[in-house]
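Novice: Put together the whole structure using the sequences plus the hints.
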Amino acid sequence: MPLTADGPLAIVASYDIGALGSKDGPQVIYNWVKPGVAPLLLPWLAILGLLALRPNRRASAWWIWLPLGCLIAISHAATALLGPGADVLGDVITALAAGLGAVWLLSNYLRRQYRFITFLCILPALAGFSVPAFVSQQTLSLSPEAFPVATALAVSVMATAAALWLCGLICRGRYRPFGLYVWLFLLLAVSWLVLGAPIFLIQMFAANGDFEDFLAIIAAGLAVSAVNFAVLLPFLILSSASPFFRERLKALLHVRPEAPPVMPPPLPEAALKA
Amino acid sequence: MAKRKIGFLSRLWPGNAWTAWVTPALMVLLCSGHLLRAAASVPSSPASSNAVLVSLEYQEADRGVINWGVPVTTQTTPFKKEPAAASGKIIRGVLNFSGGSGNSIPFLWQPKAGKLYLDLNRNQDLTGDPFKAPVADTTGPVYEQTFTNVHLVLNTASGISRVLADILLYDYGSEPMCSFGVRSFWQGKLTLQGRDWQAGLVQYIPSGTGSFENSRLLLRPWERRNQPFNTADGLLATVPFSRKLFVDGRAWQLECLAHSQNGEPSPALQFTEQSVPLGELKITGQFVQRLVLTGGPYVVILDEPSASVQVPVGSYNQPDIALEQKGSAANCVASPSQTGRRISVNDKTPAVLNAGGPLTNSVTASREGRDLVLDYMLVGAGGETYKMATNGLPKPPAFAVYKDEKKIGSGDFEYG
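Residue numbers (our numbering), protein chains in the order written: chain A, 527 to 800; chain B, 150 to 565.
Worth double-checking, as some hints may not be accurate.
To be verified - Okay, derived cross-link-like pairs now, BS3-like style, lysine-lysine, Cα gap no bigger than 30 Å in a straight line:
| # | chain 1 | residue 1 | chain 2 | residue 2 |
| --- | --- | --- | --- | --- |
| 1 | A | Lys549 | B | Lys544 |
| 2 | B | Lys475 | B | Lys497 |
| 3 | A | Lys560 | B | Lys552 |
| 4 | B | Lys261 | A | Lys560 |
| 5 | A | Lys549 | B | Lys552 |
| 6 | B | Lys555 | A | Lys549 |
| 7 | B | Lys431 | B | Lys261 |
| 8 | B | Lys229 | B | Lys281 |
| 9 | A | Lys560 | B | Lys556 |
Said to hold, decoys possible - Some chain A residues near chain B, calculated using beta-carbon distances under 8 Å:
| # | residue |
| --- | --- |
| 10 | Ala531 |
| 11 | Ile537 |
| 12 | Val538 |
| 13 | Gly544 |
| 14 | Leu546 |
| 15 | Tyr556 |
| 16 | Trp558 |
| 17 | Leu607 |
Claimed, not checked - Partner residues are not named here, just some residues of chain B that face chain A (Cβ under 8 Å, in silico):
| # | residue |
| --- | --- |
| 18 | Lys475 |
| 19 | Ala514 |
| 20 | Arg519 |
| 21 | Leu523 |
No wet-lab data here; the hints were simulated from the structure.
None of these values were measured; they are calculated from a predicted model.
Cβ coordinates follow ideal geometry from the N, Cα and C atoms, glycine included.
Specialist: In structure tokens, the structure reads:
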């Protein structure tokens, strides 16, 4: 329904039933009340609120809207390309994007001395923004069809947090963007397979599946983790391009801060004299 | 509907099909004593002045006339003789039909190879020629396959009967399932009160006590005999088999008898006219091509009924209705609001049945979050719902949404 429509709507069903009746049925009047836009804006208002935090009171922090805007555009494009049935997938992409945006803006608060504790802080932050964002896209009325998708969102939240944790562990020596991207993709795939394995395996055994089913499950896991990585990628690119967000990512990953450039020692005064 | 000859078939389908034809011959020989006794009890002419006998002939159709869900018992133990192992999963077991273990058919299914081996003579030897199904994708898992033109011989309530079926095997999970698209039935020409009918029997064998309880009686005007039909198409060419039948304004006692025709077993139907008290039933709707009342003392068939008809007194379920007008046809589908309501007909006051045409394209609207959900129904005179009878996939109904007489949205309804 167009968001602007409001008031009584006349609805007519048409079907050619030949001589058994008239093609157009009687008009049905339905009083349509415009859905509120507040739930739709809720996640973005929350991001706006995070930008007001002291560590984010810098112009460069507002670049966070760039990956968010890209992902919102992608989710709308996916819905338009794949049809109305894909709108829930678009909602998942948008929700995960909102969660990642929040984590990037909160990284100063999420970083802890120990890597695992940081992971435990990232997880509720990511879930705390992604899940409400997803629910608000459903206008606070989760249909039964949305529950499997909500489960997929929950798994993607856990997989993303786990991948960030493990990637920090592997790349702790030095920040290398390309290596980081590759490791994050691989770790996301592993996380998805590990987290999704119990569900998939139960289904496979229930369906009396064989090795080919197992391969199909692996392929599905890789495909889903690729979509998950595609949501993460704009934030990684932002972190590569913006020094402000690069430090945020390093904080999340516990990557060793870059050492200041080594300056050549000043020549001894005596030598100059000579 | 194509009628096929046995000799022709025997040349076309060697191996298992050949066995399929040898087996009935053997079974006929073994059971001939019983059949001949049964046949001897069937009069070749009306038993009395008010009885009509119609001998039925085996008939094959191009399309399925009834679907059987056949129970499957799987087993891991190999049969005595099995074909060479094929790649992929092998499913072996037994197709169970009512009528005892002698009616069960051991099978071995090789989905990857698209082969189905049936032990038609029940000797645990499955090395005969298999039935074959096209295998489109040899790499992926096979979830279902259809094996066409499978000839079987089964014990039925009317004796040993040939059956032609397309067998659909599913393997989606824990237990494989089997569905028979049966393409054979028995039919003959019946004349009642000077009117010719196609009368027949569409048997249901997978379950039950071996009687005709789940079988269907084919009864339609003789001029419609070449029209394809299916027991589930809603057009009511068949009705539940009943020994009490009311058709063309008269009540009949119906018996199905074992019969022998040209040395081959075949069933026969005997219609014996009966006298019953009648009551008036008023039908408010139009375009009723056939209306069938069940759940009462008689199965009542009313063809093109007038606004007021006479039917045997009693209480009936809500009717099955097929509408037809100038080439457009529709059939009534179950409506939750109709469940439990019964039609009582007595000989004092007329009963009224609000059903039939004209039909109305009806839509209901409701809200689900940001969405306006529209539900479509084709509604009859009494609020009952109908489905248009079409060949193939019908064009879906459409909708249009207007705001202040300006169209702001339109589309097609999705099935569901």
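Novice: Does each hint hold? Answer for all of them.
Specialist: Evaluated hints:
1. Between A/Lys549 and B/Lys544 the alpha-carbon distance is near 13 Å, which keeps this suggested pair within the 30 Å criterion.
2. Only pairs whose Cα atoms come within 30 Å are accepted, and B/Lys475 paired with B/Lys497 is rejected, the gap being roughly 36 Å.
3. Between A/Lys560 and B/Lys552 the alpha-carbon distance is near 13 Å, which keeps this suggested pair within the 30 Å criterion.
4. For the given pair, B/Lys261 sits about 55 Å from A/Lys560 by alpha-carbon distance, which is inconsistent with the 30 Å threshold.
5. With a CA separation close to 21 Å, the supplied pair A/Lys549 and B/Lys552 stays within the 30 Å bound.
6. Between the alpha carbons of B/Lys555 and A/Lys549 the distance comes to roughly 20 Å, so the proposed pair stays at or under 30 Å and holds.
7. With a C-alpha separation of about 59 Å, the suggested pair B/Lys431 and B/Lys261 falls outside the 30 Å cut-off, and the hint is violated.
8. Straight-line distance between C-alpha atoms of B/Lys229 and B/Lys281 comes to about 22 Å, which keeps the hinted pair within the 30 Å bound.
9. Between the alpha carbons of A/Lys560 and B/Lys556 the distance comes to roughly 17 Å, so the proposed pair stays at or under 30 Å and holds.
10. Interface hint status for A/Ala531: upheld, as the beta-carbon distance to the closest one in chain B is roughly 6 Å, under 8 Å.
11. Using the Cβ-Cβ criterion of 8 Å, the hint placing A/Ile537 at the interface with chain B is satisfied: the shortest such distance is roughly 5 Å.
12. Annotation: interface hint on A/Val538 holds; nearest CB of chain B at approximately 5 Å, less than 8 Å.
13. With a cut of 8 Å, the hint placing A/Gly544 at the interface with chain B holds, because the nearest CB-to-CB distance is about 3 Å.
14. Below 8 Å, beta-carbon pairs count as interface contacts, and A/Leu546 has one with chain B at about 5 Å; its hint therefore holds.
15. Of the supplied interface hints, the one on A/Tyr556 holds, with its beta-carbon coming within about 4 Å of a beta-carbon of chain B, less than 8 Å.
16. With 8 Å as the threshold, the beta carbon of A/Trp558 comes within range of chain B, its nearest partner Cβ sitting at about 6 Å, so the hint holds.
17. Interface restraint check: A/Leu607 against chain B, minimum CB-CB distance 18 Å, threshold 8 Å, status violated.
18. A cut of 8 Å between beta carbons decides the hint on B/Lys475: the least distance to chain A is about 4 Å, and the hint holds.
19. The beta carbon of B/Ala514 is positioned within 8 Å of a beta carbon in chain A (closest approach about 4 Å), and the interface hint is therefore held.
20. A distance limit of 8 Å between C-beta atoms decides the matter here; for B/Arg519 the minimum to chain A is near 5 Å, and the interface restraint holds.
21. Hint on B/Leu523 holds. Least Cβ distance to chain A is approximately 6 Å, under the 8 Å limit.
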